[in-house]
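If you want the building blocks of each chain, they are given just below.
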Amino acid sequence: MSGKRDIVLSVNGRDYKVQVEPRRTLVDAIREDCGLTGTHIGCEHGVCGACTVLVDGAPVRSCLMFAVQADGKPIRTVEGLAAGDELSVLQRAFMEHHGLQCGFCTPGFLMLITGVLEREPDIGDEELIDVLASNLCRCTGYQNIIKAVRAAVQELRAK
Amino acid sequence: MSVAGPTGWVGRSIRRLEDPALIAGRGRFTADLPAMHRVRFVRSQHAAGRIANISAPDGVMVITAADLKDVKPIRPMLHKFDYVPIGQPVLATDRVRFVGEAIAAVVAASEAEAEDAADAVEVDITPADALIDARAALADGAPLVHEEVRGNVIVKGAVETPEFAAARAGADRLLRVDVRSRRQNATPLEPRGGHAAFDPASGRVTLTCSTQMPHLTRTAVADLLGLPEAELRVIAPDVGGGFGQKMSLPPEYVLLVWLARRLQGSVAWSEDRRENLIAAFHSRDQHITLEGGFDRDGKLVSLSADVTANIGAYSCFPTTCAVEPLMAMAEMPGPYDVRGYRCTARGVLTHTCPMAPYRGVSRPVITFAIERLMNRAAASFGMEPSELRRRNLITRFPYKSATDLTFDEATYVETMELALKHIDLAEFRARQKAERARGRYLGIGLSTFSERTGYGTPAFAQRGMEITPGWETVEISMDPSGFVEARIGASPHGQGLRTTLAQIIADEIGVEPRMIRVVHGDTDRTPYGFGTFASRSLVIAGGASLLAARKVRAKLTKIAGYLLEASADDIVLEAGVAKVAGTDRSLPIESLARAAYHQLHRFNREIAPGIAESATYDPPGTFSNACHVAIVEVDPETGRVTVEKFLAAEDAGRIINPMIVDGQIHGGIAQGIANALLEEIVYDATGNVLTSTLADFLPPTAREIPPIELHHLETMSEATITRAKGVGEGGTIGAPAAVINAINDAIAPFGVEINEMPATPQRIRAVLRAAEKRP
Chain A
5 MSGKRDIVLS VNGRDYKVQV EPRRTLVDAI REDCGLTGTH IGCEHGVCGA
55 CTVLVDGAPV RSCLMFAVQA DGKPIRTVEG LAAGDELSVL QRAFMEHHGL
105 QCGFCTPGFL MLITGVLERE PDIGDEELID VLASNLCRCT GYQNIIKAVR
155 AAVQELRAK
Chain B
2 MSVAGPTGWV GRSIRRLEDP ALIAGRGRFT ADLPAMHRVR FVRSQHAAGR
52 IANISAPDGV MVITAADLKD VKPIRPMLHK FDYVPIGQPV LATDRVRFVG
102 EAIAAVVAAS EAEAEDAADA VEVDITPADA LIDARAALAD GAPLVHEEVR
152 GNVIVKGAVE TPEFAAARAG ADRLLRVDVR SRRQNATPLE PRGGHAAFDP
202 ASGRVTLTCS TQMPHLTRTA VADLLGLPEA ELRVIAPDVG GGFGQKMSLP
252 PEYVLLVWLA RRLQGSVAWS EDRRENLIAA FHSRDQHITL EGGFDRDGKL
302 VSLSADVTAN IGAYSCFPTT CAVEPLMAMA EMPGPYDVRG YRCTARGVLT
352 HTCPMAPYRG VSRPVITFAI ERLMNRAAAS FGMEPSELRR RNLITRFPYK
402 SATDLTFDEA TYVETMELAL KHIDLAEFRA RQKAERARGR YLGIGLSTFS
452 ERTGYGTPAF AQRGMEITPG WETVEISMDP SGFVEARIGA SPHGQGLRTT
502 LAQIIADEIG VEPRMIRVVH GDTDRTPYGF GTFASRSLVI AGGASLLAAR
552 KVRAKLTKIA GYLLEASADD IVLEAGVAKV AGTDRSLPIE SLARAAYHQL
602 HRFNREIAPG IAESATYDPP GTFSNACHVA IVEVDPETGR VTVEKFLAAE
652 DAGRIINPMI VDGQIHGGIA QGIANALLEE IVYDATGNVL TSTLADFLPP
702 TAREIPPIEL HHLETMSEAT ITRAKGVGEG GTIGAPAAVI NAINDAIAPF
752 GVEINEMPAT PQRIRAVLRA AEKRP
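Keeping their order, the protein sequence lines are chains A and B.
Start counting the first sequence at 5; every next residue gets the next number (my numbering).
Start counting the second sequence at 2; every next residue gets the next number (my numbering).
If you're looking for bench data, these hints aren't it; they were derived computationally from the structure.
A virtual CB, placed ideally from N, CA and C, is assigned to each residue, including glycine.
Hints may contain errors.
Stated by the list, open to error - Stretch by stretch, here's where chain B covers chain A in the computed footprint (C-beta under 8 Å, at least three residues):
| # | segment |
| --- | --- |
| 1 | 22–35 |
| 2 | 50–56 |
| 3 | 130–142 |
What the hints assert, rightly or not - No more than 25 Å apart at the CA atoms, straight line, and that leaves these computed lysine to aspartate or glutamate pairs for DMTMM-like:
| # | chain 1 | residue 1 | chain 2 | residue 2 |
| --- | --- | --- | --- | --- |
| 4 | A | Lys8 | B | Asp117 |
| 5 | B | Lys646 | A | Asp129 |
| 6 | B | Lys646 | B | Asp636 |
| 7 | B | Lys559 | B | Glu607 |
| 8 | B | Lys646 | A | Asp134 |
| 9 | B | Lys81 | B | Asp224 |
| 10 | A | Lys21 | B | Glu114 |
| 11 | B | Lys580 | B | Glu513 |
| 12 | B | Lys559 | B | Glu476 |
| 13 | A | Lys8 | B | Asp120 |
| 14 | B | Lys73 | B | Asp200 |
| 15 | B | Lys646 | A | Glu130 |
| 16 | A | Lys8 | B | Glu114 |
| 17 | B | Lys646 | A | Glu131 |
| 18 | B | Lys157 | B | Asp307 |
| 19 | A | Lys151 | B | Glu705 |
| 20 | B | Lys434 | B | Glu410 |
| 21 | A | Lys8 | B | Glu116 |
| 22 | B | Lys559 | B | Asp480 |
| 23 | A | Lys21 | B | Glu112 |
| 24 | A | Lys8 | B | Asp33 |
| 25 | B | Lys70 | B | Glu123 |
| 26 | A | Lys8 | B | Glu112 |
| 27 | A | Lys151 | B | Glu710 |
| 28 | B | Lys300 | B | Asp179 |
| 29 | A | Lys151 | B | Glu645 |
| 30 | B | Lys552 | B | Glu645 |
| 31 | A | Lys21 | B | Asp33 |
| 32 | A | Lys151 | A | Asp126 |
Excised from the complex, chain B in its bound form (with noise of 0.2 Å):
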């Protein structure tokens, strides 16, 4: 970067360029466009089943299966690890295979008339045997929820490296744990909702959604429909959070532009709390069995994992549901060192509502599961858990991992110290005895992990994806006036990419971040890009800006060279003036612009007209780390978990707004902390939905997030030309398993453990009543 440090505007906490419109609610969301016509779906109320009969009132204009047979399913597509592709039909054909599964489709001229009209709508299904856990699916003889899908697995993975059998018998002692993460609901607080416009001028549809991937979602919507894709403009204006919920395709989108392109109007639909905590994509719902074996200093020598992921009754386009199996088995051995690696990941099929990826995406789950490990065998040894982990981690870079992930320099003990420097362990060890003493149960949990940031486009082809995702491209213009335009492919909601993006791009440039607007989320005024996900953005789409800030810079030094009479190379640009380095001599930058578009013939013709450029960046891939602790208290009595306190020291290379980062951490770790104690979208023996409000699914309130304090380190990334890497999802990745570890140290004195999340208060009374130590 031309510009680094203090002197520039990357490393400023200045203030966002989102937020004047936002906080004067002048915001844009979807649900805020008038609209000709209003959807309610019909949704099943059985999990598994034969729809015999479907039918409505006269005068109610009801759309079924029958009236789409020119709409493909959605078939979202992997070539690796024996994935059996399945359709899912955009309303359910003749079978209903999870509770919420969209059936009809009605259309009123208000949302309420739409919703009476649905109420009037029957609908007839021949009920069957619901598959609701992920290995009572496995069982031999289990009904199958789509009968190309042999024993329901629709994706294995087994991977077992050269030197993990010798690693496994001559081992110390082998550990066990076996970890279950349940089902949640990334929950964003705007829920999804879609708004289609036919323009009878052109033909063409423009479909307003809440998405994450604006681009994606046309050129899915437009080859499920048969159309080019010039004849649809996909917008995401403001959207209201996504967390990965908003990065699948939801069939209802696909449905409302069929809609609009038959009635040749505008048709809304905004999703309701209820439709979206039962068929919304859910998350997580893991169930891993690990095995590590140590030497007898305590290093790890051999991990052997056996994943179970319940990806529920369909497979998400983009990414398929192998994601979540598929990135435990590649990334679970976190950030530890070890050679032998054994593990087998299975995908299955249930009836229950999709899954698609949330923040953390099977990270969460695997650093639960390596850091329930590494903390058994502190114990086994007698040991700090940080004293386990000083043995055990990453230090050597780059570190080629068991699964062939290059690890690049990174500072997973470092963090550790830091944090720890930050927590004083002997203190807390004191207290801890002392209030055992009084029968209160203090405890403090580590977890250290990785977060990988930045994938391009060769990690996800090593997956076997059909699409991989990994560049963006970025134009930036220049008008006449000197203002700039730079449009993005990512499709930033709420992560402040507009402003992180204008500090990258004024450094280069010379221009003050206010004269930058970054233009993203709608296909017909940005270039083809993938959107916001996967702690990508910065990386990608910033890469991407300093690339395309580069080529302005040197078509802006090139005129100014021309104007001033010096040679390009002299020319500096800053605080809104080029001039020559070393002299008085000197031009606004606008009037460079002026003259690119208005006065070339003061060029020789050796200037193009105009200014504008773009740039597309496609990196390696790279791993942000951190290291988080919690400390809780646990009341025997009761169950309930207080988190005292929580402390993250993060390393995610440079820092382009320090305030933006914190914002990103403290939200991901808020999320973490409600993985760990709160939030489950729980199922009954039939498949139905039993948390289908806020007030039984529960997302944190400020009361249950505690103060969270961070630290960082800022270890200049050699893996991005920005320095910089992802940190969108740490918080969520790292936060759940600190809490876990820290309840496990605090009930320590009952002789038991609770290896399950959300460790809920019923679930830790029944570990407490099964204890039979009494301290």
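Chain A on its own, in the form it takes in the complex (with noise of 0.2 Å):
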């Protein structure tokens, strides 16, 4: 393979220098490289976006953009999603109406709600569905997903 490149990932506000070959995977240099777990594999062909993280403030498959593209742009991943032991209002509303069950694909989830909630805030429910579409959760069947988003969304709007 060609030569490693040194490259600067910047996640959840700490720079990571982090050497890796030009073909490496975002979200392998993400969970390797920075050691960040919270960050999930399910598909590696960019359908089932349990590896959705923030690049730049949207929600992109981590599993079909190479580390090297990141370089320098800010990228959030779940661990940064909470202040502190403060969980975020997402995050919050998943628990309460159970929204998540073995947990693997919820990372996803949290990072392509929050990614679009920041950029349009009065989505309406109908694209809200669609959007949730972009993941595949197999446990929930997505009742109680749809349920702690619209809750979400309530209690962000009453902000």
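Put the two chains together into one complex, using the hints given.
Right under this line is the structure:
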């Protein structure tokens, strides 16, 4: 393989200076080079969304992006959602409404929805379901994910 | 239970104790562990053939069957039904039997390098004719998948009750259905994976893997490698869903432990999605022909079934591949009363991925079959399907079935009436008629079914299983600070069992659930047990938790009686305090724990030191039940099905945590809808899997699953000591039949039926194209 490149991954406000092969995916770099294993790998072909993180504020499949493409850009992962011990509104809503069972898809859903709500706080209910249809969950049948997201949207709008 | 209902913890939707770590990205899954070596498997690209040669470039570490001469093949056993034991080598020896079968393992420093190296390994296979379809494998002269299995029939059951022949002969009419449920993959979001680490100090290996059955994994791996079990520790950390796919032993885990010992280091394998879709266990793939004899009132009097289950190329450990066909044979009549029963069920070997239990196990298919028969009969008699069911559902309990199963008290009719109450059938029929006139085709489908849960040892023994995973043990201890640890042999992976068991224990011993840590998934830390599958954990581990907690309670009240100078019988444990009933004399429970460890002198040698109790529970088994209703719209131009509404009325006995129960049912129903409409593993004629990505094999998204409405009855079961029945699989069992019945109701004006799952747009279009009638 071609030589490694020096890049800086700026994850949750902290800079990680890492050396990666050009072919290394962002999710592998986040998990293995930065040691942040909250982001999960479910399919490695961009369908399931378990690896969703925010890059420049937008949700991306980190299995479809190379780490070198994220060099220097702000990245957010599930580990950065809570402020210290204070969970985000969405995290709390997932717990209150039983929006997770095995928890494997959860980080991806949290990052997807966080990214979308930050960019489109007034998103309509039908569009929200379309957004949720970007990711796969095998445990919940989506019922309580939808309930949790609606509750979080209401709470955020009331603020 | 000492404290029931809203005054105690049981019956409340408390938040899950599992969630704080998972929600923050602090879960620990198998792939999160670092390893010195990464393993990649080289897999067969041919469905059948002989391995002529395996070669690799210099410098690549390759393990093949030639290196594993001391490793036994996986050979699960069944002692009935003409089962022929067959072996699955950990790596293919001279022959390959399905696309995806592991032939060699490559070891490298990183996953990327291991993948590169695996690509460089050349495997020369002389291909042979492949058998993909089970009925083709039964044909005279078909090649044999395993030479020792004549006719490719690895297991065969047959039953005929004495009443059958006369009942059939006397029937007013005989109706037949021929149904087919295609092949699925359980598709947990986390694929399988294992990590084996050698400890140079002890010489032991710790296998961390994404499994539903850590103790049985240890037993199996130790047996296959010829090790004492004590040299192996198996850990199931957070597991990202299982649904049955992770309750069978993957050969890959055996190889990992072997490699860790050989390399005296740590090795890891993370299954990728393609491997999971082609080579992790598959499921379903059954073909059933049913004939029902009905009397003139629409009562089923005879039932004849022919079941062919494609079991793939090998038999899974521990249940064996017989579980699908034999469960079909035992439970085909479902919740219906019929004395005249005949069934032949066979498991057939093919050159396809081995089958293993998947949520519902056989019952989604047999429920589909009998519910199609019931609707065919309703049409034949010109009745509403619900009316035909009223005439056939079991209403008297206990009920001894034609196959000798004892049905304990259940609410088959009551759940159906409850569901119908919330549907307004008359209103729907009016709307359906009006919409048909406008060229829109709506349909409603029912399914009424039972879900056998909490199988105890005798239930498994009846099947002739070598391993009868019927019981569970729970150990509960209270430490000197008053905190409680419950160590369980069950192995939850999303079911919320840490929370529900804590609720059961909390009510018994008077401390809050948050003070109870449920420890599972570690063979060094937990008592031997079988794991989490078959809707068994809340029933069996829950029962054992209750029994162990009662012993802890007895000890705490005895200690408190001593210290408060009262009779133990007068001590009440509640809200962290032990008090003498009717007085204000009390002690904090943690002070009882302190005394039990540190102040034994206070008890005149009548109390044994410490607080640690253990109990085992092995129930007879029970049946949960439910009625599912689907309302769908079928677009006859495109064959597209939209599920407009889905409703379920269920009865699983006492509900420990309503929020968690609803979550289990929601998830099960979503998988059932996907079974009916979307998910199919497709092989081509040569045995290649055409659906090896999630863009081809289609788990549903939030767009395909409609709002699910749930209603509950809570019949206090006498069959279990917690009064709770299992609820993990019911959603998956009932939903496919309800959806397919709804589709058939929608397309009834065309005079055709669809009896194949998934009912994809292509299949629905094919049926409609063949229709002679135009509405």
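So, going through the hints one by one against the coordinates:
Coverage of the segment 22–35 of chain A by chain B holds [criterion: at least 3 residues with CB-CB distance below 8 Å; count 5]. Check on the segment 50–56 of chain A: 3 of its residues sit with their Cβ under 8 Å from a Cβ of chain B, so the three-residue criterion for coverage holds. Using a Cβ-Cβ cut-off of 8 Å, 9 residues of the segment 130–142 of chain A lie near chain B, which meets the minimum of three, so the contact claim holds. The suggested pairing of Lys8(A) with Asp117(B) holds, with an alpha-carbon distance near 17 Å, which does not exceed 25 Å.
A distance of roughly 18 Å separates the Cα atoms of Lys646(B) and Asp129(A); the hinted pair therefore holds under the 25 Å criterion. Taken as a hint, the Lys646(B) and Asp636(B) pair is honoured in the structure, with Cα atoms around 16 Å apart against an allowance of 25 Å. Only pairs whose Cα atoms come within 25 Å are accepted, and Lys559(B) paired with Glu607(B) is accepted, the gap being roughly 10 Å. For the hint pairing Lys646(B) with Asp134(A), the CA-to-CA distance comes to about 18 Å; that is within 25 Å, so the pair holds.
The straight-line distance between the Cα atoms of Lys81(B) and Asp224(B) is roughly 23 Å, inside the 25 Å bound, and the hint therefore holds. The straight-line distance between the Cα atoms of Lys21(A) and Glu114(B) is roughly 22 Å, inside the 25 Å bound, and the hint therefore holds. The suggested pairing of Lys580(B) with Glu513(B) holds, with an alpha-carbon distance near 16 Å, which does not exceed 25 Å. Taking the CA atoms of Lys559(B) and Glu476(B), the gap is about 19 Å. The hint holds against a cut of 25 Å.
Distance check on the hinted pair: Lys8(A) and Asp120(B) sit about 22 Å apart at the alpha-carbon level, within 25 Å; holds. A hinted pair counts as satisfied when its Cα atoms are at most 25 Å apart, and Lys73(B) with Asp200(B) qualifies at roughly 24 Å. As the CA atoms of Lys646(B) and Glu130(A) are separated by approximately 16 Å, the hinted pair is consistent with the 25 Å bound. Restraint check for Lys8(A) and Glu114(B): the C-alpha separation of about 14 Å stays at or below 25 Å, so the hint holds.
Simply put, Lys646(B) and Glu131(A) have alpha-carbon atoms about 20 Å apart, close enough for the 25 Å limit, and the pair holds. Simply put, Lys157(B) and Asp307(B) have alpha-carbon atoms about 11 Å apart, close enough for the 25 Å limit, and the pair holds. The hinted pair formed by Lys151(A) and Glu705(B) meets the criterion: a straight-line CA distance of about 16 Å does not exceed 25 Å. A threshold of 25 Å between alpha carbons decides the hint, and for Lys434(B) with Glu410(B) the separation of about 38 Å lies outside it, so the pair is violated.
Of the pairs offered as hints, the one joining Lys8(A) and Glu116(B) holds, with about 18 Å between alpha carbons and a cut-off of 25 Å not exceeded. About 17 Å separates the Cα atoms of Lys559(B) and Asp480(B), which keeps this hinted pair within 25 Å; it holds. Between Lys21(A) and Glu112(B) the CA atoms are separated by roughly 21 Å; this keeps the pair inside 25 Å, and the hint holds. Taking the CA atoms of Lys8(A) and Asp33(B), the gap is near 23 Å; set against the 25 Å cutoff, the hint holds.
Note on Lys70(B) and Glu123(B): the hinted pairing holds, with a Cα-Cα distance of about 21 Å set against a maximum of 25 Å. Pair hint Lys8(A) plus Glu112(B) holds up; C-alpha atoms about 16 Å apart against a cutoff of 25 Å. Our distance criterion of 25 Å between C-alpha atoms is met by Lys151(A) and Glu710(B), whose separation comes to about 13 Å. Restraint check for Lys300(B) and Asp179(B): satisfied, since their Cα atoms lie roughly 20 Å apart, inside the 25 Å limit.
Distance hint between Lys151(A) and Glu645(B) is fulfilled; the C-alpha atoms sit about 18 Å from each other, no more than 25 Å. A threshold of 25 Å between alpha carbons decides the hint, and for Lys552(B) with Glu645(B) the separation of about 50 Å lies outside it, so the pair is violated. Note on Lys21(A) and Asp33(B): the hinted pairing holds, with a Cα-Cα distance of about 21 Å set against a maximum of 25 Å. About 17 Å separates the Cα atoms of Lys151(A) and Asp126(A), which keeps this hinted pair within 25 Å; it holds.
Figure legend: structure checked against the earlier numbered hints; hints not met, in rising order: 20 and 30.
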